[in-house]
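Go ahead and model the full structure; you've got the sequences and the hints to work with.
Each protein sequence line maps, in turn, to chains A and B.
Going by our numbering, the first sequence opens with residue 100, and the numbers climb by one from there.
Going by our numbering, the second sequence opens with residue 100, and the numbers climb by one from there.
Honestly, the hints are just simulated from the structure, not real lab data.
The reader is advised that the hints may include incorrect statements.
If several chains are the same, the list does not tell them apart, and a pair holds so long as it fits within one copy or across any two.
Below, a list of computed lysine to aspartate or glutamate pairs in the DMTMM-like style, where the Cα atoms sit at most 25 Å apart [stated by the list, open to error]:
hint: 1; residue 1: 213; residue 2: 233
hint: 2; residue 1: 373; residue 2: 362
hint: 3; residue 1: 213; residue 2: 188
hint: 4; residue 1: 347; residue 2: 283
hint: 5; residue 1: 219; residue 2: 194
hint: 6; residue 1: 439; residue 2: 276
hint: 7; residue 1: 448; residue 2: 311
hint: 8; residue 1: 439; residue 2: 269
hint: 9; residue 1: 206; residue 2: 270
Since we're looking at a predicted model, the values are computed, not measured.
Number of protein chains: 2
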Amino acid sequence: MAAQTILFDFTLDSAKTGDEKQRQEVAKILRNELEHVFPQLELAYSMESPENGYFSVLHENKATIITCRIFQHGLLTVNVEYFLPAGKEPIMSFDTMRTMELILRQKLDSDRSKYLPPIKRGGYIDIYMTSSDERIIEYDIDKLVYEVRSPFQKIQILHSKTLGNMLLLDELQNIAESDLIYTETLMGRGIENYEGKEICILGGGDGALLYELLKENPKHVVMLEIDELVMEACNKYLNSICGDVLEKRRSDQYEIVVGDCVEYLKKFIGEGRKFDYVFGDLTDIPITGAPVGVDWDFIRTIFEHSFKVLKPDGKFLTHGNGTSCTESLELFEEQLALLKPKVKFTTSKAFVPSFMEEWLFYQVSFA
Amino acid sequence: MAAQTILFDFTLDSAKTGDEKQRQEVAKILRNELEHVFPQLELAYSMESPENGYFSVLHENKATIITCRIFQHGLLTVNVEYFLPAGKEPIMSFDTMRTMELILRQKLDSDRSKYLPPIKRGGYIDIYMTSSDERIIEYDIDKLVYEVRSPFQKIQILHSKTLGNMLLLDELQNIAESDLIYTETLMGRGIENYEGKEICILGGGDGALLYELLKENPKHVVMLEIDELVMEACNKYLNSICGDVLEKRRSDQYEIVVGDCVEYLKKFIGEGRKFDYVFGDLTDIPITGAPVGVDWDFIRTIFEHSFKVLKPDGKFLTHGNGTSCTESLELFEEQLALLKPKVKFTTSKAFVPSFMEEWLFYQVSFA
Chain A
100 MAAQTILFDF TLDSAKTGDE KQRQEVAKIL RNELEHVFPQ LELAYSMESP ENGYFSVLHE
160 NKATIITCRI FQHGLLTVNV EYFLPAGKEP IMSFDTMRTM ELILRQKLDS DRSKYLPPIK
220 RGGYIDIYMT SSDERIIEYD IDKLVYEVRS PFQKIQILHS KTLGNMLLLD ELQNIAESDL
280 IYTETLMGRG IENYEGKEIC ILGGGDGALL YELLKENPKH VVMLEIDELV MEACNKYLNS
340 ICGDVLEKRR SDQYEIVVGD CVEYLKKFIG EGRKFDYVFG DLTDIPITGA PVGVDWDFIR
400 TIFEHSFKVL KPDGKFLTHG NGTSCTESLE LFEEQLALLK PKVKFTTSKA FVPSFMEEWL
460 FYQVSFA
Chain B
100 MAAQTILFDF TLDSAKTGDE KQRQEVAKIL RNELEHVFPQ LELAYSMESP ENGYFSVLHE
160 NKATIITCRI FQHGLLTVNV EYFLPAGKEP IMSFDTMRTM ELILRQKLDS DRSKYLPPIK
220 RGGYIDIYMT SSDERIIEYD IDKLVYEVRS PFQKIQILHS KTLGNMLLLD ELQNIAESDL
280 IYTETLMGRG IENYEGKEIC ILGGGDGALL YELLKENPKH VVMLEIDELV MEACNKYLNS
340 ICGDVLEKRR SDQYEIVVGD CVEYLKKFIG EGRKFDYVFG DLTDIPITGA PVGVDWDFIR
400 TIFEHSFKVL KPDGKFLTHG NGTSCTESLE LFEEQLALLK PKVKFTTSKA FVPSFMEEWL
460 FYQVSFA
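Have a look at this one:
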């Protein structure tokens, strides 16, 4: 079940759109052209104002409704909206849209125009995601594979035709089968040497980091994940990125503990247990204007406890945010600067396919 | 100069939306909520029909116009549109949108809802591109670096905050500074051995393929590119992917010929000149329902001539299309199957950052 909204716009000469008579002329040309596509077109309503230009509502049998606006600054927008029952062909094909755009551009003497692919609205599977810098990205998702609400979050596995299965937590993209580069950049494959090392993963419920680390022959990895259901979902549907580590849960070389990582970090601190590497594979850095709120408190708590279980030459490795989220990344770095004893950091970055954007990663060590 | 269109939608109980009285009730709740964001809201127009539900136009000072539709199948769409002068703050912040969505979802007893990041319309730089399978993707483009119309095509260099400079030909994304993986997959780096080999590139005006091939110590590379202006633009703005090969144009190891590659292939055939590798780095495979038209004729011409200049154990390497364009890829493979003498092929694929999708590449040799 979905409605479709198709958006066209045309840049016009503002001398033309600034004049009421000429706006009427533009509206007439537009209507004539629309009638070729929608033969039963009727005008339902129109509104004029010297400050805000022209607006009208056209419709065909009240089913397809077209709203038009002529802004006096030199822009015409046309929005076409109709209901498309499942399995039916769209009213406007790509060829029809393209043709209508080209003819109108010519007839309106417009030097730039644009139409967007129809926006599908009301679908139960959400195919539109927002990048960390608030850009709209439509995914080729064709199936909701699995959905469950755990005590901690909403867990979804969606299938993308080209990215494979994707894990979403509370509707945020986490990792997909296409994203080995994410794990490799987080762990600095080829740069860090994990052989014989002791490692602690905070979070990491998708299992990909643990799976890749074990290929590097560490002495031991302990993974602290709070959400049993995330691990069950990933074990079943993200097998290609986590192998059997979530199925087996432990071996001589690793152990997965289900629980609150802060509690376990406190326990390790009490025992004097230390690691060569601690991974922060938890929630993303919040996108906020100030470093306040529970998410930032959590990040500070993680920092403080993590560095207490790190050997003097150890490293804390974590993901940051989209490289375009400079404000949020700066706040993150400010929190690092507050730590005592002092720390220093390097960064690396990679374009992550399922994020459709470039992501920043941090390598933090004692200064 | 741009208008903003913000699209919200809410899934409702269809028992509710199927009834005119209850639709009126939904419209009332919606209007009350909208008045919190737009205090001077007025109803300009409304329309009802048993088959097509409810439609209304609300506005604030005729500047912000809001259209609402209640489809009787259980969907409410709300479109907010207004003009945003350059440098001004948007009327609705992300927080306002998110809050409005959450409150309305609750008040309308909706079990799913969605809002999209505001769609920016009328901008001279086009930030919305369409993937090969007709998905909408918003880029983080912040600057038109260069634009020129050559005798062959419109050439643009756009700057993306995270992908670097991007080359667009006739408004189609070609290659960006982020796309080494594209060139490496096209040439099969690590798989093919170019040392001491003779190579012909058809097209390749961005210079990236030539630049990477020269690192593999071939005997000689000849590149046949028709568009002088593409090479000038890439030499200037895509330096990081093409080095100085477009600046120098020739060395002992390579030569760039400006001209029609088909004419040169004919000349090579006449001379009996043969290559170990021929690269088809020309136009993408057309997305059409049937293999007809000038683009497909061109592809067939390229095939026929290329295999005539290929040594018996030589390879023809080329890019295909987005992996989700199965129809178009099948047509391409059908054309390969028609060739005489017979050929066989393998494929490889890679997620290309600036395409924001996975791309297919072909390696064709004599059967």
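Consistency of the hints with the structure:
no. : hint      : result
1   : 213 / 233 : both (21 Å within a copy, 14 Å between copies)
2   : 373 / 362 : within (15 Å within a copy, 70 Å between copies)
3   : 213 / 188 : both (23 Å within a copy, 24 Å between copies)
4   : 347 / 283 : within (22 Å within a copy, 37 Å between copies)
5   : 219 / 194 : both (18 Å within a copy, 23 Å between copies)
6   : 439 / 276 : neither (38 Å within a copy, 40 Å between copies)
7   : 448 / 311 : both (18 Å within a copy, 22 Å between copies)
8   : 439 / 269 : neither (33 Å within a copy, 55 Å between copies)
9   : 206 / 270 : between (44 Å within a copy, 21 Å between copies)
Hint compliance for this structure: hints 6 and 8 are broken, all remaining hints hold.
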